[in-house]
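2 protein chains.
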Amino acid sequence: MYSDKIQSILKKKKIDVGDEVEIDSSKGKFSGLLMPRTAGAPDILVLKLQNGYNIGIDSKGTGVRLLKKGETKKHPPISHPSRGEIAILGCGGTIASRVEYKTGAVFPAISADELRAAFPELDTVSTIHSRELFELFSDDMTILHWKKLAEAVGAEIKDGAKGVVVMHGTDTLSYTSAALSFMLQHLPVPVVIVGSQRSSDRPSSDNRINLMNAVFAAKQDFAQVGVCMHAGTSDDVCHLHPGTKVRKMHSSRRDAFKSINSKPLAILDYRANRFEQLLEIRKRGDGGSLKLNTKMSDNVAMVYVHPGIRPELISKLDSYDGIVLIATGLGHIPTNPFNDKLAKPILPAVRQLIASGIPIVVAPQTIYGRLDLNVYTNGRLLKEAGAIGDGADWTPECAYVKLCHVLGQTKDMKKVKEMMEKNIAGEISERSPLD
Amino acid sequence: MYSDKIQSILKKKKIDVGDEVEIDSSKGKFSGLLMPRTAGAPDILVLKLQNGYNIGIDSKGTGVRLLKKGETKKHPPISHPSRGEIAILGCGGTIASRVEYKTGAVFPAISADELRAAFPELDTVSTIHSRELFELFSDDMTILHWKKLAEAVGAEIKDGAKGVVVMHGTDTLSYTSAALSFMLQHLPVPVVIVGSQRSSDRPSSDNRINLMNAVFAAKQDFAQVGVCMHAGTSDDVCHLHPGTKVRKMHSSRRDAFKSINSKPLAILDYRANRFEQLLEIRKRGDGGSLKLNTKMSDNVAMVYVHPGIRPELISKLDSYDGIVLIATGLGHIPTNPFNDKLAKPILPAVRQLIASGIPIVVAPQTIYGRLDLNVYTNGRLLKEAGAIGDGADWTPECAYVKLCHVLGQTKDMKKVKEMMEKNIAGEISERSPLD
Chain A
1 MYSDKIQSIL
11 KKKKIDVGDE
21 VEIDSSKGKF
31 SGLLMPRTAG
41 APDILVLKLQ
51 NGYNIGIDSK
61 GTGVRLLKKG
71 ETKKHPPISH
81 PSRGEIAILG
91 CGGTIASRVE
101 YKTGAVFPAI
111 SADELRAAFP
121 ELDTVSTIHS
131 RELFELFSDD
141 MTILHWKKLA
151 EAVGAEIKDG
161 AKGVVVMHGT
171 DTLSYTSAAL
181 SFMLQHLPVP
191 VVIVGSQRSS
201 DRPSSDNRIN
211 LMNAVFAAKQ
221 DFAQVGVCMH
231 AGTSDDVCHL
241 HPGTKVRKMH
251 SSRRDAFKSI
261 NSKPLAILDY
271 RANRFEQLLE
281 IRKRGDGGSL
291 KLNTKMSDNV
301 AMVYVHPGIR
311 PELISKLDSY
321 DGIVLIATGL
331 GHIPTNPFND
341 KLAKPILPAV
351 RQLIASGIPI
361 VVAPQTIYGR
371 LDLNVYTNGR
381 LLKEAGAIGD
391 GADWTPECAY
401 VKLCHVLGQT
411 KDMKKVKEMM
421 EKNIAGEISE
431 RSPLD
Chain B
1 MYSDKIQSIL
11 KKKKIDVGDE
21 VEIDSSKGKF
31 SGLLMPRTAG
41 APDILVLKLQ
51 NGYNIGIDSK
61 GTGVRLLKKG
71 ETKKHPPISH
81 PSRGEIAILG
91 CGGTIASRVE
101 YKTGAVFPAI
111 SADELRAAFP
121 ELDTVSTIHS
131 RELFELFSDD
141 MTILHWKKLA
151 EAVGAEIKDG
161 AKGVVVMHGT
171 DTLSYTSAAL
181 SFMLQHLPVP
191 VVIVGSQRSS
201 DRPSSDNRIN
211 LMNAVFAAKQ
221 DFAQVGVCMH
231 AGTSDDVCHL
241 HPGTKVRKMH
251 SSRRDAFKSI
261 NSKPLAILDY
271 RANRFEQLLE
281 IRKRGDGGSL
291 KLNTKMSDNV
301 AMVYVHPGIR
311 PELISKLDSY
321 DGIVLIATGL
331 GHIPTNPFND
341 KLAKPILPAV
351 RQLIASGIPI
361 VVAPQTIYGR
371 LDLNVYTNGR
381 LLKEAGAIGD
391 GADWTPECAY
401 VKLCHVLGQT
411 KDMKKVKEMM
421 EKNIAGEISE
431 RSPLD
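Chains as they are written, first to last, in my numbering: chain A, 1 to 435; chain B, 1 to 435.
To be clear, the hints were calculated from the coordinates, so they are not data collected in a lab. Just to be clear, a hint being listed does not mean it is correct.
Said to hold, decoys possible - Okay, derived cross-link-like pairs now, BS3-like style, lysine-lysine, Cα gap no bigger than 30 Å in a straight line:
no.	chain 1	residue 1	chain 2	residue 2
1	A	Lys-147	B	Lys-341
2	A	Lys-341	B	Lys-291
3	B	Lys-341	A	Lys-344
4	B	Lys-291	B	Lys-411
5	B	Lys-341	A	Lys-417
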């Protein structure tokens, strides 16, 4: 809400939120749509510029001129049904962020509803409705949040949504996309997770393009979990990544998300009505009705293998249901087959945990490429010890989520191994001739 | 050594190791240089084909014909001085590997001397001498191995080597290249670490190209630690990566090594006498004489931050000298600033460790990009807690090695932070306008 002072000035000038206005400020003249003020200093006017980005202007409300009444008001009510074709679920994150102007820090705070108001262009793509599930940084997401999110997606689908868009912070987005891929079985519609690398106050923000393309994607003919993020080749184009084969590969770039050991599912450009499939994708109506399986162990550890890693670090993990070893190379850990005097193998500790019934899953520290525990003696020793994952090309994050999922279904070591090493949701791709 | 039977057949035919021979086998006729048999079934003849790759032929020694006596024997002794210009140090790994034909598994076993014999082409690039330091998989390398290696490199330089090449397994190569970068201060000559992604028995082996280019690199006018690996653009070209900004980014591809947050130092092609510098590189004679500083803590842990990580996992690390948190996004961990009911922040555990005098260093899970603990509230909270690394663009591996190094110099928290956040060996690059 704007301050009483600002509200009174706007009222006098017959300016409403959503109107096109011009503002004189110490930094020059700006024109654009007047946005609602959801938080922060209530005297700062927020303007959506023609390039789609928001700025805050400290004009004290003076020097504001009405250019044109907001067009959105002319829409007949029917274009804003209480339920649209596409459901948008908000989980916080930069895509729904505001900047605290005092400190410059970014908070996830704009609700899905407010974001819809901020992007009237959404109406040109689809009818939508929205709901905010969580207000947190994605770094605070837990397995319990994944369950609640999966249930909310399931409810939307049950209620007739033709597609679901999940707005999510980017930091742990690929963990969540993997979790939904395992939890939402026999999906009948697209579930598109979308984030933004730059907050809406920055001219280079990717929130508009990503969200528009995500809603556009959710209308297409496919039925699996995808991640829609800026593709980097053009400002308008996004990639739809497979939910189980995607990773944030840069801390700040807009095209940070990459499909790992896979092509993207599709190239997206809502303006050009372009949905260019790059891979086979499961289609709507490809069988079954939605089965929600949210059972997951929340007691799995990830261990980063490195020179100097202490065997005790592994031994002490005996209270976990399962462990992911982020191993070197093709899936290696210190095993010391040559009996080097200085080496400190962790293989005995791994053997002991496996013998005590704790499954150990291997994932590649290299991120790219496939595990192969048959090439080198140290890999063979790890495989003989009963480690899981030979031949898999999953990311460490996806291996972790899958192990949580599988341990939610069974604690039987043999069954865990069987389920882990069989492709469930696209997380293990078949060997290609290029391998 | 070949079996007595094979040796007697070869003797009768006046064939020596190094001669060009032709062999009839069940799989066809092969010609190439006869290689020494260093291990494995002693009846298998090993042939270096004209394409540079080795094969093992089970011909029982029959059907072997001498084509041409080995040329290397004609070299005057002076071309093989006991000490050459370039020192090659062997640390095991695929580049010096043999295949155990019984099991198909690969062992590091060919000594540096044997490898020199296997690649007579080395003599066209430089005079060399070699020494084998370790016989192990690089996964078994420890901080004690790094120290011994640094001492061996130092000894070679003291004895007049114009450059040093270190043959190393690829799995932990970038940890070692970082370690040498911190340990070898005021380097007067190049130190080039080289590995091979495919063993010498495979037609696609990269060991010849990588080794040739590494020796070629070690003769150039620069004086820092670099990593020479297949560049991927052409079969002949290698990249020289900065020792502190390089990472194995694929489990099996020959061009697995990438410079991270940096260009490669140079493009190498020994055949074309091409050393194309892409960055400023420290030159020979750029100041000081070699200072060996091998003091390192071997008591540092790496922790991979992920949704569902348990605060106890952090709390239990109170016996370590220091910890690297491989954090999400710009350097984030679960902090729960919004007091979400389901979240389980690890920030309190991190605060407690720091308060007890254990430095906590942040590194990016995204691999690419720079940390920035000022953008989001959770980053600011981590910074306020005293975490180290704001603004750094190091890899998790390099952050780990640097923390081991710094903790070898001081345990004083304030000094540790100061040393960590100041660039020492190229591990933190200055912000570029593109950031």
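Hints that the structure is at odds with (numbers, increasing): 3 and 5
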